[in-house]
Each structure stands twice: as structure tokens, then as C-alpha cells.
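**Q** Read top to bottom, the protein sequences are chains V and S.
The opening position of the first sequence corresponds to residue 1 in the working numbering, with each subsequent residue numbered one higher.
The opening position of the second sequence corresponds to residue 1 in the working numbering, with each subsequent residue numbered one higher.
If you're looking for bench data, these hints aren't it; they were derived computationally from the structure.
Note that beta-carbon positions come from the ideal geometry of N, C-alpha and C, so glycine has one too.
Careful: at least some of the hints might be erroneous.
Pairs of lysine to aspartate or glutamate, EDC-like flavour, derived with a Cα cap of 16 Å [as the list claims (entries may be wrong)]: (1) V:Lys77 with S:Asp23; (2) S:Lys2 with V:Asp30; (3) S:Lys26 with V:Asp63; (4) S:Lys26 with V:Glu64.
The following residues of chain S were derived to be distant from chain V, with all beta-carbon distances above 12 Å [what the hints assert, rightly or not]: (5) Gly16; (6) Gly148; (7) Leu214; (8) Phe239; (9) Arg285; (10) His409; (11) Asp479; (12) Arg483.
Facing chain V, from chain S, some residues (calculated, C-beta under 7 Å) [said to hold, decoys possible]: (13) Arg3; (14) Val28; (15) Ala29; (16) Pro32; (17) Thr34; (18) His36; (19) Gly41; (20) Gln42; (21) Cys44; (22) Pro57; (23) Thr173; (24) Leu178; (25) Phe513; (26) Glu514; (27) Arg515; (28) Ile516.
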Amino acid sequence: MKAYTSAELDVFLKSLASDYDVRVPVEADDGTRVLGRPDDGPPALAGGALAAKPTAVFFPHFDEVLTHDRDRLDVQKPVEKPILVVGFTAQDADCLEFIDRFYSENFRDDIYFNKRDGSVVAVVSGRCGKDGAFLKIAGGKCDLEFICEGERFLVATYSKAGKGLAAKLNGGEAVAQGVLETLRKESDALPTDDDELLRCASKLLLADKVPDAFWDAISDRCIACTGCNLVCPTCTCFEVFDRTGGTTVRRYREWDSCQLEGFMREASGHNPMGKQFQRTRRRIHHKLAADVTRWDTLSCFLCGRCDDVCPTGIGIKAVCREMVEKYG
Amino acid sequence: MKRTLTTCPYCGTGCGFYLVADDAGKLVAVEPATGHPVARGQLCVKGWSAFEFVNHPDRLTVPLIRRNGKLEEASWDEALDVVAGRLAEVRDKHGADALAFFSSAKTTNEENYLMMKLARAVFKTNNVDHCARLCHASTVAGLAATFGSGAMTNSVSCVEASDCIFVTGSNTTEQHPLIGSRIIKAVRNGAKLIVADNRRIRLARLADIHVRWLNGTDVPFVNAIMNVIISEGLEDREFVETRTENYEELKKVVAKYPPEEAAKICRITPKEIRDVARMFAAAERGMIIYSMGITQHTHGVDNVKSLANLAMLTGNIGRVGTGVNPLRGQNNVQGACDMGALPDVYSGYQKVTDAAIRAKFEKAWHVTHLPAEVGHTVTTAINAAAEGDIHGLYIMGENPMMSDPDLNHVREALGKIDFVVQQDIFLNPTSEFADVVLPATTYAEKDGTFTSTERRVQQIRKAARPVGQSRADWEILCDVAARLGYDGMRYGSPSEVMDEIASVTPIYGGMSFERIGAVGLQWPCLDRDHPGTPVLHVGKFSRGKGLFGPADYRPSAEMPDEDYPLLLSTGRCYFHWHTGTMTRRSRLLDREERFPYVEIHPADAKKLGIRDRDWVFVATRRGEIRVMARVTDVVIEGVIFMTFHFEEAPANLLTINALDPVAKIPEYKVCAARVRRAP
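Next up, chain V with everything else stripped away, as it sits in the complex (with noise of 0.2 Å):
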């Protein structure tokens, strides 16, 4: 097995520009890492969890649909390449395989599929997360994963279009045997007390044990920014709106929040969820019990990113740990 820097990763990725959009991790002006062109700043594969969601490269925040104007109707073009995108996390990929089910199921989203049909997606983990955290490896639910072993990068894949790509990665440096064993071994090893403290705030809720008063303190401390959904790589709502300019008339999708009053709001101006305690209990309720009953999963895996973008410490690992102090 062979190993890779991440420049001889570099090189690879951006010679597979003329048959793959493709989209990387790097490192943007105030330091933050960013999922760009290979081209738009130093390659950063090591750091951990992007702070946008990646799943964005397939359900972007803004998003024309449709134009109308006069007697013409263009519907969106599909993809000039195939999207090709690294720096998903182990926890990425299981949101990807999430929304994958939840775009395909039933009415099958067309605009979603239109970018995700035919891309190839790379998780980066192992010895490469922030402040020397390592990171979860994926071991599938993805078509290649770059695994850092401290230096250098090992490359596994998990299917065809993986495989291929791996096929044509030059260089590299021959790896002692059980690496990768050692690795796996030590992504075992991590420690599971947030899946733990997940699992028990889910149960709470299901069980209906935790009181409209906790969602009501929670919920006072919420700025209702919209961060929380629009971080998450598991939220999937959307508002479709049109904008007419002149003859034109152009349909858009934008990312929706569940925090904000308008979301549920009926034409009456009636509002089932009118009570801020109301949503602020509904995004975690969706994830760790709807989902559950529906899905049967819970729909966080983990990303951390809410945590991360919460201005008031509420996301939904903080959430739970007060749940569980309180009601576990």
C-alpha cells in the first residue's frame, strides 16, 4: 500500500479538472478552510469538519431553477462535469447518505440529482483533524477516503468511480503493512460519548420526558439566526420564491429555517409553531426522534458545525448535555 503527501494529493486533484468539477478543501484569507477550486488558495485537507457544509456542493444555500420569460422556459441545465468533492468527514458522509435517502425517496429531486448523480465524493480522516484530533474514518458511504497517517495520506476506496481515480494517483511512498489496521484500530477507539449522550437525549424525547419549560429556557437563549439549519448538512427544507424583473421571471430555492416564525406560519397568519419554545424543540426533536420513527436513525451524525455556528452555545451536542443533566 502507498502512501501520499498531501502535494503529490494536490497535483492529483487538480489534473482531474478537465474531467471533474472538482472542489477542495483550502484555506481561505482569515485562515478559515473553505470547499473551493483547487486553484483558490493552499490546499487544507487537514483541519477536520469544514465550517460550511459540504453537502452544499449538491443543495446550494441560493439556487435558480427556473426562468421564464415571455414564451421561453428554461428549466436548469444539467452539469457540465461530474462534481467532484473532498473534505467530507466520516460524520459528512453519513449526513450524504442521509439526504440521498431523504432526496430519493418518494418524489425524487430532480435539482438535487441534477449535481449529485455521477460526483464522486472523498472523505478525509485519520491523524489530520483540529489541534491533532483524529479523525473518524468513514470506511464507506463514500467513493474514496484519504486517511492521514501523520505525514502522508493512504488512500482507500469503496467504489468503482474510486477506484478508478486511485487508479490513476502517481508517486506515493510504499507503506509498512498494518497501517491502515492500526488506524481502523484507533478509529474504533475513539470515544463515543457524544453518540452516547445523542442516544440518551433521543430516548428522553421519544419517551416525551423532557417538558415544554426546558424548551422554553433553551429557546430564551436562542437569536434565532438560523445558523443551527443552515450548518447542518442533514436539514433539507427549502423556500421556492420567484423574482420578476422586466419580462423575466426567475424561480429560486434558498435554504429555510425551522427557527424562523414565517416557516410554519399559515396564510391566516395562524402559526402552529408560534411559540419560539416550539421550533427551538423542533430541530432537535426532528433529528433525534421524528427521524427516528421515520428513518430509524437518528438524523445527527455529529458534525459539530451547530455547535460551532450557535453565537449563544445552544446547538444540539450542548442542548443534550443539559437534557440528559437534567431529565437522563
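Given chain V, put chain S in place with the hints provided.
**A** Just chain S now, kept in the frame of chain V:
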């Protein structure tokens, strides 16, 4: 796909984020900037939406000239010729002081500097001002008098270092959400929170003490707090003795406000006053945060001075976690003031009445005879226009037909002006009076700097191509100056303008685009080696010793009476920004608050037979508008609250054109009103 680090165009907190443009160059997202010292990878709902209005089809894309009463498309050459020609004509016919220039707290430092340079160097008038007049003019005057510097004394990061935060007249989580969120975190970490605001704002729910005193009784309230502190010996004697002057006068004045007396005026209990006094005086690091609930009064300067007095009395100045912290409203209202878009000062608060300062600017700008008289403010210019004394008005990025008090008066005034040029990104109600409309770019389509409320000078960077033929405000201003034959406003970029600003503005002396970099630099920054200043007045006040500025209670200009029994207070909501031109063109923000509304207490609503979501008429002596009733105990009985975001029911049709005698700020927070159900 391109990501550009920039600064939020909404409030004065100064959050950094990335604007994301797609391959076609259209903005499609905002992403967090984790390395930004203020935002720290977090944003509020407006920040997350700050890309949306930029590509809205309503954007102005070509210059417009009014012909036969209609605004018609024109070329840039035509439009600029008309602007330069007509303004010069007014100057030649009526004198330079018949012109007024409204600069803009939404535009960059460089553009504000150029606007005041255009007014002063090219037209030779000091009639230049901007909307700071409407929000924090009282702060600039009040803190300059007491401390020697009219800006927020401390930094945003100080909030989390404070052990007692006194918030008054600031709905911080809605109007400066990323500062409000730090208050919430500080409280979670054990800091005490005092909220003095009669609306039950979010922070009130988390406060140790929430005082709901009557609007406009700020001076007796704060005087009574100081009365308790002095009478119980809780003052910081060493600080008072070594760092301040005029203490005896303060003692004399506050002695007239024992809690029992003040409580009657404020309609609260003496216990509430004592509790606040003791809690704040006990703090090791006590911080005062305020905003327009304090400033927008006919006694706004007195209010500000009273808070400054309280901070000095308790020694809460010049240290991390303390201070008097006015939260500036607009993204660049601090900068617009710093740049001298004010009628009495050049950039860096250098007085126009000082001959040596004028001589310095004459030399730097290669002009002679800079005007020595203080000019008109935004509010007095409108009054002068109504008297027929203003004949030409240049409005950059302001919307007086929505934002100024008593809109019928504004309408009359604007209607009397011979020539109005408006430079903006969208048409708005003020456009009705424009003879020429010049399409400007948004913050996302140009370079420059904004200065946030904590005096942090930060860059904005061009993230998208300007729509249509729109041009950056600085380019337009320079073109106007060139057409008038002035050679001193030719620049290759905003960075060159900043270099000039640094050369004539001591507090910005060390600023350059290169040094400002990704995270900004806080003024005073005196030279290229100066690290910037997170906390003012450390060891010594800007004016030497802090000056106690005691004030007596003066009632508001128009209090409720039999005909108009309710007290109307105006302000903003979380989801909209000022006159709504940007947020009402952002889908989720617009969806969230769709209708103009009035908050009314359940008891008042019941008396008037009004139910939640009924349409009602709200009237004052100046006008009447139709809005939706929001029946809520967020307001106290007898007080109603409205926002000024809605063009279809502009709250400023109702407000009173009564001004603070010093700061000339209007009394947006108090006037008498009545409400009836709409038939």
C-alpha cells in the same frame, strides 16, 4: 465559484464573512469566517442573508434624469453633467450654503471622506452630515464632552470579561445580535445582567433585574442610581479623586433625585433603583451598553452624559470588561463620523472652526478659503429647506422620506429644493423628489473600509461585478469633482484614498489597506507602528480628566394627553434594516415580517376593542397610518411601539420633529399617539 472575505453591511458590530459568487459571478451564499475576531464563524439572520439583495431585479442599473416629471434613462455623461452643472448653478446663484450634502453610513470610509471633501473643498460649504444625526449624535456630543472621545470606549470582546452588564435602550440581541449573544454567554458564565428598558426584550428574560421605567425618564433614573451610590458610599473614591473633575457639581445635582422622588417620575419603585445601584456599584468590571433608547430624545445628550457620569462614579472606565459602550447602528456610522461627514469637523473630529486645522486641510487639498462656520445638520438642513434656504441637495445612500421625523414636513422641505441628486442602489420614497438618480454599487461590488462600533477599521472587498452600469460611490464623487474643475480628487483605488485619510487624520494615522488586512485595526492608530487601541481612556481620559456632566430632568417634548393618550416609541425589528430597501428584498427576512405593525399592551387593546392581527389606525398630531396590531406584553400599558421599516405605512409620518438642543437628534422615542380599529 469565488469566495471573498468582507464585512457585513448591516449593523455596526462588524462581523466578517465570505461572500460566495458562482461561476457566472452572481452571489449565491454567505459562509462563515472562523478566523474573524468579532464573528468567530458566527452570524445573525441578516448576515446570513446579506448576499440576497445584491442581484435583485429592482437594482438601479442606469442613471436617470427627470424629464417632464418622469425619471428617464440617461447616459453617465449626461447625468454627471447635469449634476455638476446644476449644483454649480445653485452655488453661483444662492451661495455655497444653499447646498447640502447627505453622506451615508452605509458607504465606505473613503466615500464619506470624499463626500465631505466634495462639500468642503469643491463647494466650500460645511453643510455635510449623515444619518448619525438620527442615531448617535447625542453620543458623539455627550461622550466627547465627558471623556474627550465620542466613541465606544471598549471592545466587543470586553463583554465576556465583564461581571456586571447594564444594558439600557438597546435591544442588543436584535440590533447587534453578535454582541447580544456575547451578553447571553457572559450571563451563562455568571455575569450579572441589568436591563433597563420598558420593552420585554430577549435580554430582559435573562436579566437579574429588568426595570421597565417610562420612556424619556432616563435622566432622573440614572441620577437616582447615582444618588443611592453616593449616599451609601458605594462610589469609587480613588477613581473620582484622581481621574475626574466637577464631582461636587454632580453631587449637588443628583442630591435632588432621591429614589423615592425619581421613582414617581419614572413610574417604578424606589427598590428597583436601589437594587440597580447596588448591583452595578458592586461590580468589579461593570459595563454599560446603550443604544438609541438613550440617544433619540430631546435630552439625548443629557442621557449619554448621565451614563458617562455613572461609569466614572463607579470607576468603570479604562479597563477591560468595563466602559460606556454605545452600540453604533449602521455598518459604517462610526466611520462616517470619523471621516468628518459632519457639519462641524473634518476627519478625525478636527474642528472646522479651528483656523490651524483649516489651514492644514487647505494645504493638503490644494484649496483656499475653506469655510469656517459650522454647517447644517441633516435635521436642520431639512428645516432650512422648508424655509426655502436650501436650493440644492446631494443625497448619497440615505432615504429621508422614510428615516427622518415628521415626513409631511420632510415632504414639504424636499419639494421646495430646486435640485436634488440621489445616489443609491434602489429607488425609494425619496426618489420622488430626485432630479437625477445615479446608480451606485452595493458593498459587495466595491472595495473600501467600514469602521465598526468598536472602532475596528475593516475592509470590504469586491465579490461581484457591479450590476448594469452602476458605479462605486467613490468613483461617482470623484467624477463630479472633476467636472467642477477640481483636480484634487483623482484616485486609482480606495486604498489611495485611505492613504490620504491617514495623512490628515491623526486617529487613523497608521491605517492602510495593507495593515488593516483580514481582521482590521482599531483606532486610535497613530502611526505605522501603532498596534491600535482596543480600550480607550486607560490611565488617562482623551481630554485629560473625565468631566462629570450632571443633568437635570427635562420632560420629553410631547407627552400623552387626553386627545393622544398613548406614548409612541419607534425603533427596529430583528429582521429588517432601517428603511427596508435591502431586507425587504431578501426572501426569508421579508417573509418573517411582512406587514407594518404596532405593538400594543393587552390592556390597552382590550379598552380599544382591538384583537391581535386586527388592522388599526395609529395617529399622532402629524399624521395617521394603517398597521397591524400585535397585542403583546412586550410593551407596557400606555406605550405602543412601531418600526420604521415599512414604506406602505411609514412610522416617521407620525414622529415629532423635536430636536435635542445640542446634538439636533430627533425625539423618535417619545410622542403622543392614539389608536383605533380600522373599519
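**Q** Determine for every hint whether it applies to the structure shown.
**A** Verification of the supplied hints:
1. For the given pair, Lys77 of chain V sits about 14 Å from Asp23 of chain S by alpha-carbon distance, which is consistent with the 16 Å threshold.
2. Between Lys2 of chain S and Asp30 of chain V the alpha-carbon distance is near 15 Å, which keeps this suggested pair within the 16 Å criterion.
3. About 11 Å separates the Cα atoms of Lys26 of chain S and Asp63 of chain V, which keeps this hinted pair within 16 Å; it holds.
4. Distance restraint check for Lys26 of chain S and Glu64 of chain V: the Cα-Cα separation of roughly 10 Å lies within the 16 Å cut-off, and the hinted pair is therefore satisfied.
5. Not every CB of chain V lies more than 12 Å from the CB of Gly16 of chain S, the least distance being 7 Å, so the non-interface label is violated.
6. No Cβ of chain V approaches the Cβ of Gly148 of chain S within 12 Å, the least distance being about 33 Å, so the stated non-interface status holds.
7. Distance check on Leu214 of chain S: its Cβ is at least 25 Å (rounded) from any Cβ of chain V, clearing the 12 Å threshold; non-interface status holds.
8. With a least CB separation of 33 Å from chain V, Phe239 of chain S remains clear of the 12 Å interface cut-off, as annotated.
9. Look at Arg285 of chain S: its CB is around 21 Å from the nearest CB on chain V, clear of 12 Å, so calling it non-interface holds up.
10. Consistency note on His409 of chain S: stated as away from chain V, and its beta-carbon is indeed over 12 Å from all of that chain's, at 34 Å minimum.
11. Non-interface call for Asp479 of chain S relative to chain V: holds, since the shortest CB-CB distance, roughly 27 Å, exceeds 12 Å.
12. Distance check for Arg483 of chain S against chain V: the nearest CB is about 32 Å away, which clears 12 Å, and the non-interface claim stands.
13. Interface hint at Arg3 of chain S: satisfied, since its Cβ lies 5 Å from the closest Cβ of chain V, which is below the 7 Å cut-off.
14. At a threshold of 7 Å, the smallest CB-CB gap from Val28 of chain S to chain V is about 5 Å, leaving the interface hint in force.
15. The beta carbon of Ala29 of chain S comes within 4 Å of a beta carbon in chain V, closer than 7 Å, and the hint placing it at the interface holds.
16. A least Cβ separation of about 5 Å between Pro32 of chain S and chain V falls short of the 7 Å threshold, and the interface hint therefore holds.
17. Because the closest C-beta pair between Thr34 of chain S and chain V is about 5 Å apart, less than 7 Å, the hint holds.
18. With 7 Å as the threshold, the beta carbon of His36 of chain S comes within range of chain V, its nearest partner Cβ sitting at about 5 Å, so the hint holds.
19. Taken as an interface hint, Gly41 of chain S checks out: its beta carbon lies about 6 Å from the nearest beta carbon of chain V, inside 7 Å.
20. With a least beta-carbon distance of about 4 Å to chain V, the hint placing Gln42 of chain S at the interface is held under the 7 Å criterion.
21. Restraint check, Cys44 of chain S versus chain V: the minimum CB separation of about 5 Å is within 7 Å; hint holds.
22. Annotation: interface hint on Pro57 of chain S holds; nearest CB of chain V at approximately 2 Å, less than 7 Å.
23. A distance limit of 7 Å between C-beta atoms decides the matter here; for Thr173 of chain S the minimum to chain V is near 5 Å, and the interface restraint holds.
24. A cut of 7 Å between beta carbons decides the hint on Leu178 of chain S: the least distance to chain V is about 6 Å, and the hint holds.
25. Residue-level restraint check for Phe513 of chain S is violated (minimum Cβ-Cβ distance to chain V is 13 Å; threshold 7 Å).
26. For Glu514 of chain S, the shortest C-beta to C-beta distance to chain V is roughly 13 Å, which exceeds 7 Å, and the interface hint is violated.
27. About 15 Å separates the beta-carbon of Arg515 of chain S from the nearest beta-carbon of chain V, more than 7 Å, and the hint is not met.
28. With a least beta-carbon distance of about 12 Å to chain V, the hint placing Ile516 of chain S at the interface is violated under the 7 Å criterion.
This entry does not satisfy hints 5, 25, 26, 27 and 28, going by the numbered hints stated previously.
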